[in-house]
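In my numbering, the protein residues as written are 15 to 139.
Please note that a few of the clues may not be correct.
[As the list claims (entries may be wrong)] Each pair of labels, with its calculated beta carbon distance range: (1) Lys72 x Arg134: 29 to 37 Å; (2) Thr37 x Arg134: 34 to 42 Å; (3) Val103 x Lys136: 34 to 42 Å; (4) Gly138 x Arg116: 37 to 45 Å; (5) Lys106 x Lys136: 40 to 48 Å; (6) Lys113 x Gly46: 13 to 21 Å; (7) Gln117 x Leu82: 27 to 35 Å; (8) Val103 x Lys64: 35 to 43 Å.
Quick caveat, the hints were computed from the structure, so don't treat them as lab data. Here a beta-carbon is modelled for each residue, glycine too, at the ideal position from N, C-alpha and C.
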Amino acid sequence: MAQNERFQLSLRVLAVLAEEPGTMKTSAEIAGRLKESAVMVRRAFLLLHKGGLIEQRKGPNGGAKLKLAPKQIGLGDIFAATAGDWLAVEEKAVAGLIKKVRQDAVEAMNEHSLAGVVKRLKKGK
15 MAQNERFQLS
25 LRVLAVLAEE
35 PGTMKTSAEI
45 AGRLKESAVM
55 VRRAFLLLHK
65 GGLIEQRKGP
75 NGGAKLKLAP
85 KQIGLGDIFA
95 ATAGDWLAVE
105 EKAVAGLIKK
115 VRQDAVEAMN
125 EHSLAGVVKR
135 LKKGK
């Protein structure tokens with residue numbers, strides 16, 4: 015899955031979780047709601063869990079829920095959790111600059127939160 019698709023799906027998954035932040039939701043529930051594959055949702059879960067944005071529980075009462083309040087999750091946090099290797103450059107002189115550009119981009123994206131995205135999605139319906 016391409017970087018943009020990972021980010022977009024992860025954002026949509028988090029938006030569903032943000033509607034009931036304290037409630038565990040299964041990948042099947044979210045997949046049905048988003049009309050996506052449960053496998054792709056589970057892949058997004060893995061990235062978001064590694065990024066510290068969600069908690070996961072296995073078993074019959076398992077699923078995922080937000081680890082932080084929607085206002086505390088910035089778009090940059092989601093990007094950082096899902097981006098993977100972003101503009102990898104082998105030239106060391108340029109690699110440092112690219113790393114700084116990425117940090118600046120994440121900070122700028124974090125000026126907007128998941129809560130703001132959820133609010134906009136509700137207005138759009």
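### Query
Of the hints stated earlier, which fail here?
Hints 2, 4, 6, 7, 8 are the ones this structure does not satisfy, whereas the remaining hints hold.
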